[in-house]
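Going down the list, the sequences are from chains A and B.
Each step along the first sequence adds one to the number in our numbering, with nothing skipped, and position 103 is 103.
Each step along the second sequence adds one to the number in our numbering, with nothing skipped, and position 22 is 134.
Some hints here could point you the wrong way.
[Claimed, not checked] Far from chain A by the CB rule (all over 12 Å, computed), these chain B residues: (1) I124; (2) T190; (3) P194; (4) D196; (5) L219; (6) K222.
[Unchecked claim] Listed next, the in silico DSS-like pairs over lysine-lysine satisfying Cα-Cα at most 27 Å (straight line): (7) K154(B) x K28(A); (8) K154(B) x K26(A); (9) K70(A) x K210(B); (10) K28(A) x K210(B).
Since the hints were made in silico from the structure, they are not lab data.
We treat Cβ as the ideally placed atom computed from N, Cα and C, and that holds for glycine.
Here is what each chain is made of, one letter per residue.
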Amino acid sequence: AQTIHQWPVAEIKAVGSPLSLGCTIKGKSSPNLYWYWQATGGTLQQLFYSITVGQVESVVQLNLSASRPKDDQFILSTEKLLLSHSGFYLCAWSLEWGYEQYFGPGTRLTVL
Amino acid sequence: GEQVEQLPSSLIVQEGASVLINCSYTDSASVYFPWYKQEPGKRLQFIIDIRSNMERKQTQRLTLLFDKKTKHLSLHITATQPGDSAIYFCSARAGNEKITFGAGTKLTIKP
Numbered sequence: 001a002q003t004i005h006q007w008p009v010a011e012i013k014a015v016g017s018p019l020s021l022g023c024t025i026k027g028k029s030s031p032n033l034y035w036y037w038q039a040t041g042g043t044l045q046q047l048f049y050s051i052t053v054g055q056v057e058s059v060v061q062l063n064l065s066a067s068r069p070k071d072d073q074f075i076l077s078t079e080k081l082l083l084s085h086s087g088f089y090l091c092a093w094s095l096e097w098g099y100e101q102y103f104g105p106g107t108r109l110t111v112l
Numbered sequence: 113g114e115q116v117e118q119l120p121s122s123l124i125v126q127e128g129a130s131v132l133i134n135c136s137y138t139d140s141a142s143v144y145f146p147w148y149k150q151e152p153g154k155r156l157q158f159i160i161d162i163r164s165n166m167e168r169k170q171t172q173r174l175t176l177l178f179d180k181k182t183k184h185l186s187l188h189i190t191a192t193q194p195g196d197s198a199i200y201f202c203s204a205r206a207g208n209e210k211i212t213f214g215a216g217t218k219l220t221i222k223p
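The shape of chain A in the complex, shown without the other chains (with noise of 0.2 Å):
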């Protein structure tokens, strides 16, 4: 069975400051990535896709960067937070175009 893993569970942060947060695919190769981002309250709004290592495709342009180092592996940085940043980040799989999404359980964070 396929599991997906985000880590860390919380973050709090100071505005400034560097973030990395990590997402972990296990059980299923060469899957289509995703990172979201959920505002309290909010919708869904994507961030990154990537089908292949290596290759990432930006959605939007929120002073994020997004990395796939592994084919199990997806990465979301920045090297300056702001405040605008604090909210809730999914990181999702897909087997290919067309298929329903599987999510993981998120980061939930705070930038002060």
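Given the coordinates of chain A, assemble chain B onto it according to the supplied hints.
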């Protein structure tokens, strides 16, 4: 870009009642429409989907209707149970990996 609107934003019904959640989209290039459910404290979970070459899909107590002409979808949930209390999201995907979600419909089932 694509915009997805969901109505209503919230809904409170008595257990056993049926509910209807509406979703409309703007981009005629969207061809795949999965719906998800987010229960309190739980992960976002896929519940049903439909493709643009279909008009209707049913699974257990869920029926999803799709009108390509009006760019409208509706999710019908029958015989609601307390476990159906959640936020329901519709989403739209075009011929790429860009996915747009609606703002969600918060459904509360009163026992």
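Verification of the hints:
no.	hint	in the structure
1	I124	holds, 17 Å
2	T190	holds, 22 Å
3	P194	holds, 22 Å
4	D196	holds, 19 Å
5	L219	holds, 15 Å
6	K222	holds, 21 Å
7	K154(B) x K28(A)	holds, 22 Å
8	K154(B) x K26(A)	holds, 20 Å
9	K70(A) x K210(B)	holds, 22 Å
10	K28(A) x K210(B)	holds, 21 Å
Going down the numbered hints, you'll see the structure goes against none, and every one checks out.
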